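J.: Each chain, written out:
There are 2 protein chains.
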Amino acid sequence: MLLYIGLVHYPVYNKNYDIIASAITTLDIHDISRVARTYNAKGFFIITPLADQKELVQRVKGHWTEGYGASYNPDRKEALELVQVADTLEEVKEEIRRKEGEAPVCIATDASKLAGKIIGFDKARDMVNQSIPVLIFFGTAWGLHRQVLEEADYVLEPIYGPTEYNHLSVRAAAAIILDRLVGR
Amino acid sequence: MLLYIGLVHYPVYNKNYDIIASAITTLDIHDISRVARTYNAKGFFIITPLADQKELVQRVKGHWTEGYGASYNPDRKEALELVQVADTLEEVKEEIRRKEGEAPVCIATDASKLAGKIIGFDKARDMVNQSIPVLIFFGTAWGLHRQVLEEADYVLEPIYGPTEYNHLSVRAAAAIILDRLVGR
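Protein sequence lines, in the order shown, are assigned to chains A and B. According to our numbering, the stretch in the first sequence is residues 2 to 185, in order. According to our numbering, the stretch in the second sequence is residues 2 to 185, in order.
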């Protein structure tokens, strides 16, 4: 398994479907890095082109991996060590290609039902469990820009429970998706 | 399915295993109520005896169910309408008994492997899918007080991925557990 996770802050939509760069939610860094560590991901990329937002991520990471937090909570250190920042998805793909020797299969996630390259959890699970790099990425705010979805190799089917309600937080969605794809 | 969720802020442990009442994390209210709504839970109880903390929960709930948030984001309203506050687990059980005509089966969750009444996800899933009330509850801070675990009918097995790391946030754990117990 050569699994990577990405959390995209640009380009995403706001409530009015304008294209924006969303703000970092620091709890996302903690929650999703702990999920990444639990399910043995090799890296968790936080994607934003904004300098002050990248600095915020590095400050949180630094506190828990080198600063006081590292000795206060070593479990958190193990998780946050997986965090890297990147300007763009392209940069993430290039970094994975450099590290693994081949470009990753890119699977976008989205709460809406898109026509086209939707794959189910079973097929995605098969892919993740091969020895090829796979990058699964999540949007923030009101979701990934359409072009990002179009450029992905696949889009994962949305999460549903027994109802039609599918408005999970990205933290909850990332947890459930990793469990479905990698969990025992 | 007559499923209820509880999030316990007292009695829980702090890092030094003193018994404390933990502070409310407002994002827990949002994330876990959205999980509850997605998986068709009938209620989400936030348990704390502290008056100012109960008031905080009511303020968040009020904003999203009656205030500006209700029209701004109706999906969030649907989720937060499930939220109720209670002083104690006993009060929660009594409320469910009053509503459903019988006391709930109580399933605690804990990241540690406890001897005794551990049940697996399969058995818990069978229980949840019967027409008996079931209350699944989660601890905050460094976990549920031992007495609470002892008084539960069952303790759910911890979540593991392919590694021995099991330090998920309560938000991620609640999402994964509900998906495993109720998800399609």
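Bear in mind the hints are in silico, worked out from the structure with no lab data behind them. Computed from a predicted model, the values in this text were never measured in an experiment. Treat each hint with caution, since some may be false.
It does not matter which identical chain is meant; a pair holds if it fits inside one copy or across any two.
For lysine-lysine, the following DSS-like pairs were computed, each having C-alpha atoms within a straight-line distance of at most 30 Å [as the list claims (entries may be wrong)]: (1) Lys124 <-> Lys55; (2) Lys100 <-> Lys55; (3) Lys78 <-> Lys124; (4) Lys118 <-> Lys78; (5) Lys43 <-> Lys55.
J.: Compare the structure with each hint and give your call.
T.: For each hint, the structure was consulted:
1. Lys124 <-> Lys55: neither (34 Å within a copy, 45 Å between copies)
2. Lys100 <-> Lys55: within (22 Å within a copy, 49 Å between copies)
3. Lys78 <-> Lys124: Neither: 32 Å inside a chain and 34 Å across chains, both beyond 30 Å.
4. Lys118 <-> Lys78: neither (37 Å within a copy, 32 Å between copies)
5. Lys43 <-> Lys55: Answer is within: at 20 Å inside a copy they meet the 30 Å cutoff, but 40 Å across does not.
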